[in-house]
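Undergrad: The primary structure of each chain is shown beneath.
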Amino acid sequence: MILWMQKFFGRNGLVLSLYMLLVSFIWIVVMFVLPQLFMFDFSFRFNWTQIDPSKIGGPEDVYTLQHYKFLLLGSPNNPDPFNIVDVTVFVRTILAAVCVTLFDLILCYPVAYYLAHIAKGGVTRLMMLSLVVPFWINELLRAFAFRILFGEEGTINNILLYLGILNQPVDFVRENIALYSGLGYAYILLMIFPIYNAVESLDRNQIEAARDLGSPWWRIHWRVVIPFAKPGIISGCTMVFMLSAGALALPQIIGGPSSLWFTQIIYQWFNTGSNWPRGSAYAVSLLVVCVIFVLLIMKIFKVKFGEIGR
Amino acid sequence: MSADVILENITVKFDDFTAVKNADITIKGGEFFSFLGPSGCGKTTLLRVISGFQDPSEGRVFISGKDMSGIGPNKRPTALIFQNLALFPLMTVWENIAFSLEVKGVGKTDRRKKADELLELVALPGQGDKMVNELSGGQRQRVAVARALAAEPEVMLLDEPLSALDLKLRQHMRTELREIQQRAGITFIYITHDQGEALTMSDRVAVMREGIIEQVGEGTNIYDNPSTAFVASFVGENNAFHGTVSNVMSAKVIVSTGIGELEACLPQGIELNIGDKAIVFARPEAMSFVKQKNLKKNVIKTKVVHQEFEGHFWHLILKGTDDLKIKMSQINDGAKQVYEEGTELNVLIDHKLAIALPFGPLAAE
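Residue numbers (the numbering used here), protein chains in the order written: chain A, 1 to 310; chain B, 1 to 365.
For reference, chain A alone in the conformation it holds in the complex:
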């Protein structure tokens, strides 16, 4: 470690070395590890702030699992075998995030491949711009615009009615179609760019070699391109999944009135419920399950953690 430090300072000089160490420290420790540790600690405490602030730090301020228990079983006088509402929302959020991720993957892989290996010069730049520029629009503005687009009187309904495909308008917002489309759309870039990066570094000759050996296009993708781009694909999927599962603004604005997103429940505990420890416990649970899920996927697809960083 000391040797490494000596080398690091020797190579980069004092100013740059100190700067890099400081920024890394702030980025990782101050902004990431510490707040999460506070949340983690919080999730095991009683909500004394609301019940009796004088007990904070006193002998009764001990660790408890009651918030995690609440998430699973509900309040002590809950007649159901488990906390049906919260657990259902939890599971549905995860499943919906998986669906959004798969949807984005299917949508983005061909685009990323096209950008990396088929499009040339001007077309590539134009496509890149048309991917990036829409994201200059503020997220809230975009969400409300989606309400107009998907509303009962919205553009899509009008078009479908005009074309005679529908007889009656469909409430896309209530059916959550607006939400899933919005989430899918919001994270497209996070799916395209990691895949694009991975696919782009594939030697074109490999594709041609496979073709020359008689392979149809789908087998070229299945055997040559996708295995090569796997780290990029998993990286994109991880980000889209994590961000979808943790999204709050979009579910608030274009989510159906009857179906909650788990983050909304967390938000309620922090905000209207004034129960930060319970909110923390819910948030930690979501985080842990998401991380386990992602690690499991990486294990199944034999992608190492280091490869994601490429």
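Check the hints yourself; a few may be wrong.
Now the stretches of chain A that chain B is said to cover, found in silico as 3 or more residues with beta-carbon under 8 Å [claimed, not checked]:
#1 190–197
#2 253–263
Label-pair distances were calculated between CB atoms; the ranges are [stated by the list, open to error]:
#3 A/V123 to B/G137: 35 to 41 Å
#4 A/K7 to B/T175: 45 to 51 Å
#5 B/G196 to A/L295: 52 to 58 Å
#6 A/K7 to B/G137: 56 to 62 Å
#7 A/V30 to B/G137: 48 to 54 Å
A short list of chain B residues far from chain A (calculated; beta carbon distances all over 10 Å) [stated by the list, open to error]:
#8 F17
#9 F53
#10 P73
#11 K75
#12 A79
#13 A86
#14 E102
#15 L119
#16 D129
#17 A151
#18 R174
#19 N273
Hints are computed from structural coordinates only; laboratory data are not their basis. C-beta atoms are modelled at their ideal positions from N, C-alpha and C, and glycine is treated no differently.
With chain A's structure known, arrange chain B on it following the hints.
TA: The following block gives chain B in isolation, referenced to the frame of chain A:
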């Protein structure tokens, strides 16, 4: 098994650049045929046309008499070996070799069996379970050959596959490729800028310049009887003496050059008239020393600039009376003759080995 390949007036244009002009050639079944030329001469484009990756702007390709227009690379009876080999890094060696069989739907045990047979053929027995990056350059080369052979092509196309290897290995692989070709009995079309490769391996060679096929023939014919100034200067080493034709005899001409009158042979099919601009080509090995200057024709006066040793040859860089450099080579007989810079020497250019060709562009040095 082996198929003849006919290129019928192939022209390939990229925007306003013409990569290949009117290539018209018949490659016989079972032949080892090389396209030789400097980089950018259009040889790789031509190979891509044969393999189906590039559509010709004009002309047609026939393989075994069948018009290949509109037939994709995956449906042609050709297998291409890429310059960088393009082995699949995420597959094992045997999976690489058996890829074409996998495409055809051959079962795993049969695929493995065939891959092992081919590994045997290319002298890599028992290496099937390794990953490609665990092999050396020469071994990868063999895997690429095996992978192409597994597709049972009628025509094998090779795009400078030896260029990444070091000299010894390259020379060894030349012999090996030739042997594999003869054992497999299939047509090989080989692309190279290395005349040594082209001459040693091929039955016939086509020399290309700027998209045009300048000459087609057996290696010895190309070397001894080049038909254009470019071929003469590109294939092997050659001294070029520019001048004007001053006399024409049957199959012989006299050209007056900057270093005096030179007599040279006129290759078959080449015509020169008095007053034509011409170039006399004399290879370094077609020269020898003479004691007295005025005894014979084709004796030129030179000064030594520099002497190089290359094992079996001594090379002398000389300067003629027109100050242009002349290269001559002598077999190393162990005598270790050393010439000081500035030594005056009289050199005889063998008129039976020197040839005269019409003026034309030379290969870049």
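Undergrad: Next, verify each hint and record whether it holds.
TA: Hint by hint, here is what the structure shows:
no., hint, verdict
1, 190–197, "violated (count 0)"
2, 253–263, "violated (count 0)"
3, A/V123 to B/G137: 35 to 41 Å, "37 Å, holds"
4, A/K7 to B/T175: 45 to 51 Å, "49 Å, holds"
5, B/G196 to A/L295: 52 to 58 Å, "56 Å, holds"
6, A/K7 to B/G137: 56 to 62 Å, "33 Å, violated"
7, A/V30 to B/G137: 48 to 54 Å, "50 Å, holds"
8, F17, "16 Å, holds"
9, F53, "6 Å, violated"
10, P73, "5 Å, violated"
11, K75, "8 Å, violated"
12, A79, "6 Å, violated"
13, A86, "4 Å, violated"
14, E102, "8 Å, violated"
15, L119, "17 Å, holds"
16, D129, "17 Å, holds"
17, A151, "5 Å, violated"
18, R174, "23 Å, holds"
19, N273, "50 Å, holds"
Violated hints, listed in ascending order, are 1, 2, 6, 9, 10, 11, 12, 13, 14 and 17; each of the other numbered hints is respected by the structure.
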